[in-house]
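Asks: Start from the sequences and build out the full structure, keeping to the hints where you can.
Protein chains: 4
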Amino acid sequence: MPLPAPNFDPPFNIIRLSHVELVVTDMAKSRAFYVDTLGLQVTDEDEDRIYLRAMEERGHHCLVLRKGDDPQVGDLGFKVFDESHLDRAAHWFTSRDLPVEWVERPYQSKTFRTRDPHGIPLEFYARMDRLKPIHQQYALYKGVKPLRIDHFNCFSPNVDESVAFYNELGFRVTEYTEDEDSGRLWAAWTHRKGGVHDIAFTNGRGPRLHHLAFWVPTPLNIIDLLDLMSTTGWVKNIERGPGRHGISNAFFLYILDPDGHRTEIYCSDYQTIDPDLEPIRWDLKDPQRQTLWGSPAPKSWFEHGTLFAGATVRDAELGASPIIAP
Amino acid sequence: MPLPAPNFDPPFNIIRLSHVELVVTDMAKSRAFYVDTLGLQVTDEDEDRIYLRAMEERGHHCLVLRKGDDPQVGDLGFKVFDESHLDRAAHWFTSRDLPVEWVERPYQSKTFRTRDPHGIPLEFYARMDRLKPIHQQYALYKGVKPLRIDHFNCFSPNVDESVAFYNELGFRVTEYTEDEDSGRLWAAWTHRKGGVHDIAFTNGRGPRLHHLAFWVPTPLNIIDLLDLMSTTGWVKNIERGPGRHGISNAFFLYILDPDGHRTEIYCSDYQTIDPDLEPIRWDLKDPQRQTLWGSPAPKSWFEHGTLFAGATVRDAELGASPIIAP
Amino acid sequence: MPLPAPNFDPPFNIIRLSHVELVVTDMAKSRAFYVDTLGLQVTDEDEDRIYLRAMEERGHHCLVLRKGDDPQVGDLGFKVFDESHLDRAAHWFTSRDLPVEWVERPYQSKTFRTRDPHGIPLEFYARMDRLKPIHQQYALYKGVKPLRIDHFNCFSPNVDESVAFYNELGFRVTEYTEDEDSGRLWAAWTHRKGGVHDIAFTNGRGPRLHHLAFWVPTPLNIIDLLDLMSTTGWVKNIERGPGRHGISNAFFLYILDPDGHRTEIYCSDYQTIDPDLEPIRWDLKDPQRQTLWGSPAPKSWFEHGTLFAGATVRDAELGASPIIAP
Amino acid sequence: MPLPAPNFDPPFNIIRLSHVELVVTDMAKSRAFYVDTLGLQVTDEDEDRIYLRAMEERGHHCLVLRKGDDPQVGDLGFKVFDESHLDRAAHWFTSRDLPVEWVERPYQSKTFRTRDPHGIPLEFYARMDRLKPIHQQYALYKGVKPLRIDHFNCFSPNVDESVAFYNELGFRVTEYTEDEDSGRLWAAWTHRKGGVHDIAFTNGRGPRLHHLAFWVPTPLNIIDLLDLMSTTGWVKNIERGPGRHGISNAFFLYILDPDGHRTEIYCSDYQTIDPDLEPIRWDLKDPQRQTLWGSPAPKSWFEHGTLFAGATVRDAELGASPIIAP
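Chains as they are written, first to last, in the numbering used here: chain A, 1 to 326; chain B, 1001 to 1326; chain C, 2001 to 2326; chain D, 3001 to 3326.
Any given hint could be a false lead.
Said to hold, decoys possible - To give an idea of the chain A side of the interface with chain D (calculated C-beta under 8 Å), a few residues: (1) P219; (2) L220; (3) I223; (4) L226; (5) V235; (6) P242; (7) D286; (8) Q288; (9) L292; (10) W293.
Hints in this document: simulated from the structure, not taken from any laboratory. Positions of the beta carbon are idealized from the N, C-alpha and C atoms, including for glycine.
Replies: See the structure below:
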């Protein structure tokens, strides 16, 4: 099954991934993780919710922690160009028989919820409260010095289907892993905002969130975070890394929050805005696509993910790979 | 004079700045500078021209060195979405009574030359030969490890006019310096590709090129370049830096090639794709806008620029500032 | 006047520079500078004194801030091998008709004060209270992440005399600047602990302290400090840098505390323990000895220093250099 | 068995570890590894030997590659204070019934070979040819930018015995791992030159060389090496890392040369010259002593080492640990 041709004329204009809500069971612990350790900035909080932004973001939130009984992932949020695009988006999802529900979201203008065909809950809006820039308030930088939310990565039971759907919405594939035997997609990285990805899909029992990712300035910030986590009680929350991905060329670290939600800390990437950008193909049998430097990822990294609220999970159609692979 | 409203519906779609031709008087010396010292990759060369690309670029060239008797800047090159946009572009420039000349450019498909109203030579094309990725061929990385061309910066005799023109083409202002007394623009940074700028304008005798810029991974690469240049005979070509700009928040270094063409080495920046991004205003009297850390730029940095081929230079309408300023 | 031969059999064994007392006029401001901004750790404090250590130090203090009416520098502290060496030291200074005064110093065992022939107040001791290691308590790292005190640098009215005296005590010259015309020393870097220097001397009205220095892990920590200082009200306290010294090859930054005491932030250096290490000679006319990258130091850096308590200052015998130089 | 008291009055003065000879089976491959990849500088070579130094070293060689039929480690070289100390050294080894053989070593003055009680071949000398400094010839820096040889690490069948012997020679313990059950040493790091170690010993079948180590400027140089090795055919020679050791606090990478000789690339460390420095004790059951960040070392790292020429290997007296540990 070949990659779909990139779609430069989507039904509405998605600017970028924007934010996600994570349901967490212990607000104090999660605050210690995301605020005190990672260094995200609190923009609002009450008993039930903490709103967070990263250092160069001017939108009100990129991450919302919501107190709940079970760890879950709420909506993956995307920003569209303006209100007319928002209406076109609602119309389009409706026309596909996907559920559209207009919701109230604090700090966001008109917002609707829907789901992709696999059940991933999505949220679209055009305007969010804008806050004063803080990227030059260096006294506020701490932890890993997160600059901005970078992407979502999801387990998909059928990556070909996921790519086809998001391709229709204008997400363009930058790199992908192909299962040579079946000719089907094992994993794909797709973007709207001009980097390697806004959202990626990996073959696996799903839909589940594999991770969200934050962009940081240099690999040394990641080393600082490792030193900090390993001497402040978070050593067991370090899952994989540091390392360099073959795919995306990113310098990475994967960590788990107190509820098992995975975050990637990410730097290096490349510009992907050329319309004639050629997607880079990786062979499922090439271990360097995962870690350029050769060290394998731990088993948990291939198996563990977080459930989306209200989504029904099913097994991956391609099954688990004979070699462990994303 | 207020900033113009951003134009999200330009007459044609410019993807990004793409390349520039520099006329140099000694090919061997310029090769030593750009290839051996900066670390750009040669993609083609003959007696008269050297074509160069940076490490993550797949287009054939971002910089062309052409042998000539006098140092000059040739066309500033921009990539448009596709051939139909190219034709619309040619039509638009013609409709503005700006000269349109279709030219043969090796490694580029259909290309036309034109000028902006101040006389800056511009070049538009849609497709350039694509080369194999080399961003993971780490044995090729050397010098400052340049990843991609980032922007052009030009002296303009009337920045308000420059901004108005490029705004019409869809370039959006991210930061600007205002002369409080006159309410006029002193300088402005405008982008197409989602960073702080593709092209910036600074009040001064012009049009002249102030600098082109390359993006590098971390400040340590800039320190490496300083060490290299200062011990291989290039110490006098180091003009300003390293430092942090207030404007753009970039970590920077300015160097001069053997003919006096200025290059900025640049890292850190931020994502500017939100349509509701608020431009950041700087006061002409705030010295930290130039160097956040306080050290002033040398006089040459405010005065020296390179002539564009065939352009007539005139004095800045606002005159030189009472305080030296970009 | 040639360099004296290194003295491997000094009258007593000085292990390393250890600490210094700075008299400051506003304890709160100085605390904000050294603790909140630089990131030194408070080990004790009362109304009159703050004791500080850097992150890898286990001795109780490397810097003591003492409240006073006028900015001054107290004793330069050195650690000797043991109490018997301390007694030999006291005996030796007495035999040279230099004043020896036994003093009580909190957290130090037996300590005596004396002066070098130019009047620099010195303090010797063998044991200081040892504190628990904190170099792996990464939550405590902040500011520039200072690891240890590295050296003192003093203006000397006669560098040949200074070097001769400290050479007798076993300090070995690693690099030096010679005034070619007179054949006399302009500046010299001398060490006990195996790096480029524990104490250095520079021709100038003196004795005065030019600066004390702290060692930090990487140049990026210095860049972090610059960003922090320039956005928290300390921008005018940044005096020179960042840059690379020709002499010592150090990556440096010079900053001034609220009373004008100068601190160098320093990284990179080299191992100097070989007994047959050849001192590196620099010509006074070589501007790269000061800044390898070519940019000159500001005038204040050549002229400003802090007075030692009780020391009489006199003009440099060599006068000011025709070119401004350390 | 408690740690022996540090011996500040050894029978002769060893300045530091100096160099090592590795017997390699394919000179071209080894040259590609150490010169082209790691970036060591060739100071002499013929068909049978390549002499190498690191960037800040002025002694002629820190590593000698010698062609042979089987991979082996030759003498571990140490520099003593002067010729009289060399003679005292020879006398001392003779008095201990250890073999003393005076040998010709190119570029070294008088040199003798001996063995420690477990059979590790040692070599002592006082003077080696001194070369011109190259630490500021930045055009020569490549690969991992190795600055100097840092230490040796050996498997010892009885670490208590090894430490007792080297302690007598003035090597001082900085950190150690104790087997709580038996109260015996599992591993120990001992120094002469003021860092964490010149030579370390780890419980294991021995004597065998576990690794030699080179000091590099920053963690980013190690990341550069990983990127280079993994894209130039050396990915399988990356064994462990990058990571931070609990012990020594070093940022590390372990790589294997074409014959399986292991090299550690090492940065961060701390100053250990205080005579009252307290050795840091680690529990054998604490996994963070090996990797502060928690990820385990591969099995090969605990088992693989290189044979010393002419040494008889025996099993570790403490046996293999119930938990794999150095």
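Asks: Can the hint on D286/A be confirmed by a CB-to-CB distance to chain D that is less than 8 Å?
Replies: Hint on D286/A: violated, closest Cβ of chain D at ~11 Å, above 8 Å.
Asks: Taking the least C-beta to C-beta distance, is W293/A closer than 8 Å to chain D?
Replies: This hint holds: W293/A lies near chain D, its Cβ roughly 5 Å from the closest one there, short of 8 Å.
Asks: Let me know if the C-beta of L220/A comes in closer than 8 Å to any C-beta of chain D, holds or violated.
Replies: 6 Å, holds
Asks: Against chain D, is I223/A within 8 Å by beta-carbon distance?
Replies: Interface hint status for I223/A: holds (6 Å vs cutoff 8 Å).
Asks: Under 8 Å is the threshold here; is the Cβ of P219/A close enough to any Cβ of chain D for the hint to stand?
Replies: This hint holds: P219/A lies near chain D, its Cβ roughly 6 Å from the closest one there, short of 8 Å.
Asks: Can we keep the L226/A interface hint, with Cβ of chain D closer than 8 Å?
Replies: OK, holds: L226/A within 8 Å of chain D, min 5 Å.
Asks: Would the hint on Q288/A be counted as holding, given a Cβ-Cβ threshold of 8 Å to chain D?
Replies: 7 Å, holds
Asks: P242/A was flagged as interface toward chain D. Is the shortest Cβ-Cβ separation under 8 Å?
Replies: 6 Å, holds
Asks: Under the criterion of a CB-CB separation shorter than 8 Å, is L292/A in contact with chain D as hinted?
Replies: 5 Å, holds
Asks: Does the nearest C-beta of chain D fall within a distance shorter than 8 Å of the C-beta of V235/A?
Replies: 4 Å, holds
Violated hints amount to a single one, hint 7; each of the other numbered hints is respected by the structure.
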